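Novice: Taking the hints into account, I'd like the entire structure generated from these sequences.
Chains as they are written, first to last, in the working numbering: chain A, 1 to 307; chain B, 1 to 608; chain C, 1 to 284; chain D, 1 to 485.
Simulated from the structure, these hints should not be mistaken for lab results.
Here are the simulated BS3-like cross-link-like pairs (lysine-lysine), alpha carbons at most 30 Å apart as the crow flies: (1) D:Lys485 <-> D:Lys464; (2) A:Lys123 <-> C:Lys282; (3) D:Lys464 <-> D:Lys273; (4) C:Lys190 <-> B:Lys423; (5) D:Lys349 <-> D:Lys306; (6) D:Lys308 <-> D:Lys250; (7) A:Lys7 <-> C:Lys173; (8) D:Lys44 <-> D:Lys71; (9) D:Lys71 <-> D:Lys485; (10) D:Lys423 <-> D:Lys442; (11) B:Lys423 <-> C:Lys173; (12) D:Lys273 <-> D:Lys296.
Model, not experiment: these values are computed from the prediction.
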Amino acid sequence: MLAFFLKRLIGAVPVLFAVSLFVFGFVRLLPGDPARLVAGADATEQEVASAREALGLDRPISEQYLRYAGATLRGDFGISSRTHEPVIEVIGARFLPTLWLTLAAMGWATLTGGLLGVWAGVKRGRWQDQAAMLAAIGGLSFPGFWLGLLLIDLFSVHLGWLPTGGFDGWRSLLMPSFTLGVGVAAVLARFTRSAFVDVAGEDYVRTARSKGLTERRVIWRHAARNALIPVVTLTGLEFGTLLGGAIVVETVFAWPGLGRLLVDSIAFRDYPVIQALILLLSAEFVLINLVVDLLYGVLNPAIRLRS
Amino acid sequence: MADPELLDVQDLSVSFPAGRGRTTVVRDLRLAVRPGETVALVGESGSGKSVASLAITRLLDYGPGRIDSGRILYRDNGGKVRDLAQEDAEAMRGLRGPEIAMVFQQPMSSLNPVMRIGDQIAEAIVQHRRLDRTAALAEARRLLERVRIPDAPRQLRAYPFEISGGMRQRAMIAIALASRPRLLIADEPTTALDVTVQAQVLRLLRELQRDLGTGLLFITHDMGVVAELADRVVVMRAGERLEEGTVGALFAAPSHPYTRSLLAAVPVLGSLNDEALPVPFPEPPAPTGPQDTVTAAPPVLEVRDLVTRFDIRGMLGGIRARVHAVEQVSLDIYPGETVALVGESGCGKSTLGRSIVRLEEPSSGRILFRGQDVLTVAPNTAADSASRRGIQYVFQDPFSALDPRLTVGFSVAEPIRTHGLLKGAAVMRRVEELLDLVGLPREFVSRYPHELSGGQCQRVGIARALASEPQLIIADEAVAALDVSIRAQIVNLLMGLQRKLGLACLFISHDMAVVERISHRVAVMYLGQLVEIGPRQAVLASPQHAYTRRLLSAVPVPDPSRRRDEVAIDDTEVPSPLRAPDDVPDVAPLIQVGPGHYVARHRVGGLY
Amino acid sequence: MTAPAIRSPAREFWRRFRRRHTALLAAALIVLIVLAAVFAPYIAPYDPAAADYDALLQPPSAAHLAGTDSYGRDILSRIIWGGRVSLAVGLISALAGGLIGTIMGLVSGWSGGWVDALLMRLCDVLFAFPGLLLAIAVVALLGPGVGNVIWAVAVFSVPVFARLVRGSTLVLKQAQYVQAARSIGVSRFKLILHHILPGALPAVIVYMSLRIGSAILVGAALSFIGLGAQPPSSEWGAMLADGRSYLGVADHLTLFPGLAIFVVVLCFNILGDGLRDALNQKLQ
Amino acid sequence: AGQITVGVGDNILGLDPTDLNDSVSLSATRLFFQGLYGFDRDLKLVPVLAESTEVNSDSTQYTVHLRRGVKFHDGTSFDAAAVKLNYDRLRDPANRLKRQSLLEAVDKVEVVDEFTIRLVLKAPSGVLLNYLAHTGASILSPKAIAQYGSEISRHPVGTGPFVFTSWTPDTLKAARNPQYWRQGLPRLDGVTIRSIPESGARLALLRSGEAQFVFPLPPETVQLIERDERLAIDKTPSIVVQYVALNTRKKPFDDPRVRQALNYAIDKTAFIKVVYNGFGIPMDAPVAPGIAFYSKQGVWPYDPAKAKQLLAEAGYPNGFETEIWNFSNTLNNRASQFLQQQLAVIGVKVAVNPLEAGVATTRLWGAKTPEEAEVRMFFGSWAPSTGDADWALRPLLSSRSYPPALYNLSYFKNDEVDAAIQKGLSTADPVQRKVAYDEVQKVVWQQAPWIFLSVNTLVAGRDKRLTGLTQQPDTALTYEEADLK
Ligand SMILES: Nc1ncnc2c1ncn2[C@@H]1O[C@H](COP(=O)(O)OP(=O)(O)OP(=O)(O)O)[C@@H](O)[C@H]1O
Ligand SMILES: Nc1ncnc2c1ncn2[C@@H]1O[C@H](COP(=O)(O)OP(=O)(O)OP(=O)(O)O)[C@@H](O)[C@H]1O
Ligand SMILES: [Mg+2]
Ligand SMILES: [Mg+2]
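Specialist: Right, here's the structure in full:
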């Protein structure tokens, strides 16, 4: 187990290295002159030049990479060219809000999505199934910003119950996490339903019924658990994606998260922040997929991992 | 009748959707079970026995089948008579378990693949007996011990895929018994069990009847078991009840011609005591006399020192223990020869067979097919393909060996197409021919596995194995789920092919009477090792190994007048092939005791 | 009596699908919408780009069934034209991503070992690389045409499909019947095609039908952060995003494109369900 | 008294005014910092930390008398030494401050006495005080500069009406400066600035009462505010001009008739109505009316027939095809689309190509020579942060301002204009400067290197209880006199 874990973690090192190299090249391939952006819209040529020097962009690209790689290995991610703060701090300040938002959104979305999906699966073909499906599709075809604005209009402007945005206590978390979770819940609901319908016809579900178990137990312990295996994959992936920040929701609710940071950093060609963010995201994904793989084994003993 | 009925099925009809209409598979069935009574339901494979039992428990509701008419009267614990055909789902749920329990025919797919055996048993206990989980698990362990599963504490924690076919079946029985039902419907509960365990399970059922007054509806093909166990017998064919009677009366004077032919086809162990070679059943087509098909040609299959072990892993992948399923087995099979492989449930028979077709990865040893080591050939080469075509495996659990998403026709045609034996419409003709051979209607080509009965599935498996015209068939309990007449037909079919094509066969079976009929030689396995091997006559008539002797003594006799009330069964701890990862068992060499007759002389697990 | 022929799994599937009337209806509706988009020039009542400064933000009326937008353009016509872009984005990206991802997942789950490790780490990288970043890059490098975005979206659905399919493959690989087929000597390709893929397909189909909707909405998200379709090509997502600041002032600007997306997503999901159910031999 | 919250559209990137160039951050620093000079709300130059200034006759030496009794937030006193330290810090290229060009003209900073300072220039300049009035030339506490070093942008210590409390990515908080040198001010106890990028959410912030002032406001939402009697719309004429630069080096824009035709082809009133919901006025000179030395030329009339005729004269009777770029955002894209539609009427087919911010830097400023430039039409705006005609005209229209040096995207070159711009820059005499800039504006208007579009009105939403919070034409907010009833 530990060996497996370590092996995967060590396996992640080349991945991260490849990512770092890739990202380094990628951001520089993007058209755009960071120095010009740093210097500002009405900067003079000298100001631009001095900004370029300050960013170290006047040096040969190989030297830039070596510096970057060396610093990264030491855990030094550099200074943001947009705010002049150390990248660690820039990201650090926004990691927690993103984490909260993600956890809250995933929390309710997996619960609701899973429940809704199983419910629809149980009532397959009946009106409850159809209603759940319509709700899910509604959730899917609602763009986040639209829903977000509607919620703000209702709960903040008209009812005055919740703050319009910002990262400030649990009340500020309600609307963003709801908005963010809707899509996930919808996807999970549809997906769980599908997996559930496949499993519900299996013989072992019949066996469970023959034991006289309550229908709830039959559904949850026997059918749902087997249906969970594909759902886990998706949940893991959605979780990872959300950890990368939900740009739209963060923007609507002025949530100081990583997604907006990424967009802003890209718009500003803030190389150090982009590089560090993507490295962080890769690490997250490696970790999440590791957990998903472990979960496979837990859920389905036949595919337990051989390290 | 003095006794109040427990179950009284009246004019039950059940149908399934078929094409645009429905087909009726159970028609006007009448059936009664009294408390403490054992009713055997026998009949042709596919005659509707399983469907009828599903209808009684109303588990049919969860599939496409419908009860069209009839009443299912049941007298519950409170003495109230209810018509189960009319009860609502919640009331039925309350009845299932403590009132009516069921053992399903297909134990593999009927166990939840991701739940531990112990939990699956304990669950029923918790639900109905109001015990907490620990107590329930302790009770589950007791149940496993009572169905003679070795190493019960560990098997509690095993998953279905980790245990042998017979163990699964016993786990199913344990689940059904867990709730102490008043009516137990057991659908072929002992087909995958070796005779010793079968005897013990039957005894367990009798005890249960005695203690709780449980009524038992017992579906089986084994007339020996019927004779041994049943009070009354109901014979079914094509969805209808043909006749019914007490076991004595029915065996003595069957009234319906079908019943008569059924009983005539029952093989009796010892009937070939004087015959050295296998002899086909006296069934049509006219038998051809003794099976003198073994030639002096080099063996088709040579197994040398084969070892297959399973690592038991914890939740997170660490090895906790090791199952020594096959330990240094060596075995030759010659063209035209049938070697029967017998032995206690869980002793490694299937694993040996599966290793030969490379479904398991042996840890060491060699397997030569026509001189070519199949373990070392590169995949996807001609040699590989030749061996995969030449050796065919008939799975012990036929249902899970068929792709549920493919039609029977496609599954049977698959080996033909894979090896490019035929093309176009010829494939179709060949598939039909194969279905004919195993006694299945041709329209089954468009059926799906879940639309078949247990015996029909098994025959599809056989047809599929025959499709690629193999030189060697490994038949793992291939006829266990078939009624005697079909079984005779299939055995004769195999023998016919042997005669015609020199087919060799490794015949894994618990049914000693069939073994006697079909095999040239018999190999006995015990705890993963081969303990005795020799000409059939020698092994069965003068068994040398203590285990072989015990095995033979437990074979039930298909004659109710010779019913043994208490079989001599030893209740010693069941030995287990499970060992610590570095504890390798010693294997004694086989010593010749007669012409071609070898036996291992050493102590293994309490025997010598 | 002549026995029925051995139908291939695909034919069997089609036979079952034909009986699912709602799914057929949804499919017909999709075809209709696609046709409307294709023949937009003949169907749309107005030129989608023609502005009428005397009729800004008109609510729905007989002349403009869905009203006009902030330039006085006919919203209905824009929706009909916009279908071209939106449907292309949704369909192409979901299909392409699904196809590649499925193949990757099958190979990965089936092979195991280093192939699996390599492919899955590749997925990790793709995942880590936020889709939006690539979309931005594509927009930056190739210009803000929606066509370019299609590929970005497609690429980023690959890892999801790959992991989903790999998950199913890992489970199915252990199935007794797959082993049985393997012991017969069925070639790897056929094994995967006939025994593994059909088992993994339901998940793929469901996810794909979901993905079509979210791909259409990617356009909205891009417009929202200012990287939308190239004007004046109308596109549902962009219409939604642009109309959002008129919420409360002129709601029909968002209502109708929103409705269009909803209907299309709904149809694809119903169709997806039909396909999925037709794959399940136990459902009649 | 009271606390207010102000909603703005972008993130605050730092709080060191000398190292900032985005208007949101600069505006925020005005809570804490002041310069020697400043602008009032009509963009008139007013002394702040200075009391008066004497300029020598050839405009090369500025002697500034400083205000006495002013203290920084950290308790240290404001004096000439502090000013010298600040100015030298800003000028020193080694510090790489983004605002270093503000003091480009200065050769030396001399302390005359404790409260007098002299700025010696490299060449005569008439606009130095405008530069000193720029927020970027604010005075920071020397103690804080020494103490915080490179962290100074997170620790603003100045002389302004508010003291820094906290700053998280989206929220800046400031509290009343009790020792503020202006008696009785500020009136508010505290100010919070929140960044709300989505305009709908920003609007909601105001409507839900969480904020008392939001800027900018999408013009189309004004209606919603007007419906709410607690709220008011604040309109401020801006100095931001919206125009389309036409690359005068490229065919067909090298022909003045074509450029004029394009000016005739656009209905400016409709443009303002459609794109900005009516908030703006048509441009009637190359600079906005708020700029010093603005010289009104009259609006280019909307006359498509005339436009067609001019095109025909120039040899394009059937129009031509070209491309328009802009910085991609909702309003800019909307504007470009509008232009596209209007030009289509006279047969000019325009492809709209919105540029992502980063891409724009290479596409627009990447060309080293006019020949390399790919730009044809560029829709953009210019906000001359010094409020002076020089910075409003020179960077855009002088032939020395071709990219990458400055921003002359129309690659406009006119000798008269060049000479006049130079003349205006090199004297402090208002009369001479007026003559020069009148000339520039007249010629530019005739030559039409741009399509002259509009001067927008800044639209902000305000809670009616909030008074005294003024917005300047360059979008900066002045909090000093704000009060909440
Ligand atoms: N889901 C189904 N759809 C259609 N036909 C079915 C279905 N299930 C069973 N049948 C058919 O009903 C008949 C009765 O099946 P059943 O399983 O009861 O047979 P059985 O008597 O138990 O046979 P066996 O001894 O082989 O298990 C068979 O012919 C079978 O093909
Ligand atoms: N995948 C596995 N993992 C762990 N243990 C296994 C696995 N497969 C089989 N075993 C164990 O190996 C032993 C031999 O099993 P096998 O299936 O060969 O028995 P068998 O002789 O065929 O029994 P039966 O007659 O009951 O079918 C059993 O103890 C079983 O529990
Ligand atoms: Mg059956
Ligand atoms: Mg077995």
